[in-house]
Amino acid sequence: MLYGLKIALRYLTANKGQTGLLIAGVAVGVFVFIFMSALIGGLAVFLVQRTVGDIAHVTVEAPSRDPASLLPPDVGALVAEQRATNQRQQLRTADAFLPLIEALPEVAVTSQQIVGNGFMVRGVVTAPVSVTGVETDKVSAIADIEKALQDGSTDLANSSVIMGSTLASDLGVSVGQVVRLQSDQDVERPLVVSGIFELGVEALDARSAFVSLSTARTLFNLPQGISRIEIKLSDLNQAPPVARRIANETGLKATPWTEGNSQLLDGLRAQANSGNLIKAFALITIVIGVASALLLSTYRRRPEIGIMRAMGASRGFVILVFVTQGALIGLLGGLIGAGLGYAALLPFPVPELAPPGGLPVDVRQGAYGLAISLTAIGAILASILPARAAARVDPVSVIGQ
Amino acid sequence: MSALLEVRDLVKTYGEGEAETRVLRGLDLRLDSAELVALLGPSGSGKSTLLTILGTLMRPTSGEHEMLGEDLTRAGDRELTEFRNRHIGFVFQFHHLLPDFTALENVIFPLSVQLGRETKAARERGRELLARVGLEHRMDYLATKLSGGQKQRVAIARALMNQPELVLADEPTGNLDRESAMQVMELIGEINRNEKTTFLISTHDEKIAEICSRQIRVVDGLTQ
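First to last, the protein sequences are chains R and P. If you count the first sequence from 1, position 245 lands on 245 in our numbering, and the numbers rise without skipping. If you count the second sequence from 1, position 194 lands on 194 in our numbering, and the numbers rise without skipping.
Derived from the structure by calculation, the hints contain no laboratory data. Do not rely on the hints blindly, as some may be mistaken.
Claimed, not checked - So the derived list for chain P, only partly shown, Cβ under 7 Å to chain R, looks like this:
(1) THR52
(2) LEU57
(3) LEU80
(4) PHE90
(5) HIS96
(6) SER112
(7) GLY116
(8) ARG117
(9) LEU146
None of these values were measured; they are calculated from a predicted model. Virtual Cβ for every residue (Gly too), placed ideally from N, Cα, C.
Just need the whole structure built from these sequences, with the hints factored in.
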């Protein structure tokens, strides 16, 4: 084994130019592999961050109150069920479930909310709004209102409102001015605009208004209970299993963000598949490059292989020498390519902090270990064919040359 | 006295059908220990084919081939490779050294490949052998940096590395000038006398053959 390694090293160092070019070729392939991994992974983080950054990862609501069927499921009868719509669905026992939810290790923050619709009125201007009542210390728990604030503050009092910039513009109000909010329960309250935000999502900026939980109770005639609990997780990819666990343990309806964003997920999957295809091509290029270079080396070294065989080197030893060359080329090219890839990616900020229009590559998602391992394995596999060809060299055919 | 090597009724043919060429036609040969034998014969007589078969690099079409009491006609490829490494040394007309290796590395190759590593003892013996062939000052030279005569002496040292019972030399002086050729033959004779190693030397040169203790002529695939 050691002697095979020595001979493999000697063969590689005997022709430094050719070996250097071969390793450089492998390194370029690994660099492409790593850059694609970082780009595809970074794009996914960037898109998910932009799409899911301001929404809840899991939303917990009261289960739908469909009437129970008295007929067994296999009776063969067609049954039409009328869903109850006369009463706003609410979580009456949120206080009982909240500690259970907050105790889950994946949960970063929870936000109890009362939601409803209404109209914002100022003078003759009326605008439809989606009102969210939140705990006053958790205004920015789900959407980062604090960061998106354009004017005023996120401090919510019992008679204040925070609204989107488009809505404020439509109503012609600014911070400190008063608007009237008329809820769909026919309750009307004058509210002082305490803050104006711009999230960059037109639907939110034109329709959203945040009030305190107690103001929302008055507006929507909800003396107790809440509409829903919104949850942010430390890892948003854990949303489906966490939602399932909450649903199982509480009996409530828990919806992960992935359910409402299947198109985004399809897009990310397609993007990942495209990236994998490019990475596969990079690997195939490496394998073909190593195989052809070693085949050439086998042909060039036929006389030496013959002499080694005549001196008592077994076929296995010859195979070992050539496979070791492939492994060394793969490993060295892999390490150099990974090092260059890491160095090239390092100056880029992580996608979460990427400036608008910047390249969202993620240095953390370079898949360095995978790239090096796959390259080494690929190079070893690529060297098997030349190694077998070398082992078949007939010493008699070269001794006479 | 038991034979070191014996072949009986050795036949080797190349090709099939009408293209079949019979190179060895039932050849018999016996070599004893410590012999220095010249193998003479015109080109195409079958000398090289015979040496190749005796060196276990090729199998005969039929006949018996025994060495050190082992029936080599029935041995598998792995056994033959191992047998060749331990008991047979080769010296070729064109020396066939490994060009990317030094003289010392070439000499110790047969033992290193057997052990799977280069040992201190192997290097020590390699140095001794190179000193014996007068190349102690060229040990670390790459094979490509040596002259023709020096290369052939390195090849002789390599052939002796594993202390083989038999060294097969195919035209070992064919590529050397007269002076170098005689030096190489003197060296072979000395090793033969001192170490009791059997040499079978294929040559066209009658003067070289005269140095040997016995001459065997191969004509039309048969010994005379």
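Evaluated hints:
no., hint, result
1, THR52, "holds, 5 Å"
2, LEU57, "holds, 5 Å"
3, LEU80, "violated, 10 Å"
4, PHE90, "holds, 6 Å"
5, HIS96, "holds, 5 Å"
6, SER112, "holds, 5 Å"
7, GLY116, "holds, 5 Å"
8, ARG117, "holds, 4 Å"
9, LEU146, "violated, 16 Å"
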